[in-house]
Amino acid sequence: MKDTTEIHPIAAGELATAAGSAGQAIPPVWPLASSVAVNPYLGQTGERLAQTGARLARVAGLTVTMPRDWYQARVADGRIDDDDLTAALEASPHEGKPASLAALKEALARPERKPHALPTLAEMAAEHSGTDWPGLVADRISHWAASYFDDGQALWKAPKRRGAYAEWRAVATHDLLPEIHGLKGFAAHVAGAPETAEGAIARASAALGLTPEVLETYFHQLLMTMGGWAQYARYKLWQVELAGGTDPIMTEMLAIRLIWEEALFAQYEEDLIDRWERVKASHAKPLTPTSDLIVDEILQEAAERGAQREIAEMFTAEASERGKDRPALQAAFCIDVRSEVFRRALESLDPGIETLGFAGFFGVATKHRGFASDVDELRLPVLLNPAVSTVSGTPEMEEEDRQARFAARASRAWGRFKLAAVSSFAFVEAMGPVYAGKLVRDALGLTDPGLPDGPAPRLDPALDIDARIGAAETVLRAMSLTENFARLVILAGHGARVTNNPHAAAYHCGACGGYSGEVNARLLALLLNDREVRAGVAEKGIEIPDDTLFLGALHDTTTDDMKLYIADVDTAGHAEDLRQAKDWLAQAGKLTRGERALRLPRAGGAAAIEPRARDWAEVRPEWALAGCRAFIAAPRGRTLGKDLSGRAFLHDYDWTQDEGFPVLELIMTAPVVVASWISLQYYGSTVSPQVWGGGNKLLHNVTGGIGVVEGNGGLLRAGLPWQSVHDGEDFQHEPLRLSVCIEAPREAMSAILEKHAGVRALFDNRWLHLFALDDAGQMAWRYAGDLEWEAMAAQPATPRLKAVG
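Numbering of the sequence shown is given in the numbering used here, commencing with residue 588 and proceeding in unit increments.
Treat each hint with caution, since some may be false.
What the hints assert, rightly or not - Derived DEER-like restraints, expressed as beta-carbon distance ranges:
#, residue 1, residue 2, range
1, Ala775, Gln1277, 42 to 50 Å
2, Asp1117, Leu1374, 21 to 29 Å
3, Ala1348, Glu800, 18 to 26 Å
4, Asp1047, Gln659, 19 to 27 Å
5, Ser1232, Asn972, 45 to 53 Å
6, Ala663, Asp762, 50 to 58 Å
7, Asp762, Gln740, 17 to 25 Å
Keep in mind the hints are simulated off the structure, nothing from the lab. Just so you know, these numbers come straight off a predicted model, no measurement behind them. C-beta atoms are modelled at their ideal positions from N, C-alpha and C, and glycine is treated no differently.
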């Protein structure tokens, strides 16, 4: 090995900073049980798309936009016109951009250049020796990580007494596979490594001759080669940071990967040294976008401007008028894009039906424990900490809870016995025929997974009356629901009924932490039905009539059935309201299924939708949020009766009732950010599926109870499976960064952006587009960055749409 005494060591502080920055550049991934959408570019939101393209090309060989022919097709069919291209070109801040529209079109006609990552030492050693060292490194790290991070799937648990680095060393010093493959003395190399991750990074950095300029992208690259395991470690760090703590997990993961590089360099140094010096020099260069990356960024913005033109035209169409009389029914849904289709169908049935959109956790940020469960479920946006704790069932149900726990434990023990090493084969031989009936029922889709039910949730510990009144007032004002209450107000969370699908949580509510939303909806309904709470909010100017009943519900987005939790409340005097509501909801479900069937493969009509929830071989039970492209915060009257095709998050908001703009601030810093994570996860899974996508569902195997691998091993796959964005012939998600349209004064929005630097970076760097609607509900102003706005050209009026009812 090269004499490291000649190398000037990098200061410990510089190494720590570089390691920390590399860790922050990796997006987190949540475990399958509570899977939520995550922005894969979370660590790059301080950069524009072209700069991120240069970074990810260097560290992973990734593209950040679609191929050129995707944009060419949109120019050809008019979805991108010359005005879109010109405006995007003029808005580009890059010095190396094309000089004219003609030059941009000339660049568009050229095929894009495929990016190539700088090689790691493992890759260079593989090219030299013919041994697949990157594959071996990935395999051995995955083998250890699946055991170390296991969350209850493994029958024999790996020790976790110490940190990741220490536990990996304990395993790696006894792992003979690297030496069998030809990596001489690897176990001894690991055994001789420093006791701490920081020490290991310092030793490896010196051995590899790293300089401070090399660290940023080289450390990032090494973590990227660990795939979903690095992302899951980032999730662990995220949870600790959310609680105000710190964790060395990302530094430890980096140390593990660096030791492999160090060992390979020690063996192949003489053969690799010249090329390694060139690679280091490339890592040390500034990250400067190429002309191709600049063109790609402009083309992407042009595509988004074309879509924004369509949104602006939608606003110009005259909306249906909402009645001024007391509504016959009010129903509040999550802002999830799937709710838009159901809301539109429901409103079309009667002019007296009024729907609202609000974040699906309904303002109840709870740590919930279900009936007969020991698991704390964080049913809230992952950006927040829980504000209350809740449980299902009353104290009087203690004996019933105990019996249910015993039954659950017996079931778990039976399941573990079936899988145990000493019994699994004998079990199949002896008990296999007993399962024949179940196999037939499952194969024929006769088993219904059902929707969540059980005892009503309650606060534990209970809040005092002032806290309950304050919570109720806050939620009602945030929903813009402060007057003209209907006799029946349904609060509908959402979830998905699917079978044999490891990614089931991804179909649930992102605002509820990857769980279905019925717990939060039921809790809010119980709170708003509390007579003491109603008296308290009345003193604050919100009069809820005595005959108004709030009712929790769950919208099944796979079948478009609606479950009403009638047992939670006293329905005396509301029998007719409930009968009529059930009828309307059933009709709306049928209309929604008919519309959704047009997009789903092999769905000939509305009747074909429901069986997909019971089909254990169905890889596309629904499209979830594929196609999302807009977030609209405005009174429902701006979009009433307009077909948004299930592509918009609809949040009810009336700025004239928002004194001081606390609700606007909440919307821009929570629902908008969550929606951006969803939008950008779909974006990344479409443009770079090889890294940001979850792979092929047909090959998935659950590992560690936390994620999936393709086949029988390999790196953890994070992101959306290919079947979630593609129907086998074409994309079902159009990768466009989200357009956020808010009806509020520009000055108020600018003040909020100035206050929240992280949110401002999303808009300044075009990860999101922001528009201000004027008093007529038109897209009048575009946010240009740096707290500046530019006026938009007026759109031609379009014909009046069919009125609701």
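Against the structure, the hints:
1. Ala775 <-> Gln1277: 42 to 50 Å: violated, 36 Å
2. Asp1117 <-> Leu1374: 21 to 29 Å: With Cβ atoms ~43 Å apart, the hint is violated.
3. Ala1348 <-> Glu800: 18 to 26 Å: Holds - the Cβ-Cβ distance for Ala1348 and Glu800, about 25 Å, lies within 18 to 26 Å.
4. Asp1047 <-> Gln659: 19 to 27 Å: violated, 59 Å
5. Ser1232 <-> Asn972: 45 to 53 Å: violated, 36 Å
6. Ala663 <-> Asp762: 50 to 58 Å: Distance hint for Ala663, Asp762 holds at roughly 55 Å.
7. Asp762 <-> Gln740: 17 to 25 Å: Distance hint for Asp762, Gln740 holds at roughly 22 Å.
In the structure shown, a violation is registered for the earlier hints numbered 1, 2, 4, 5, in ascending order.
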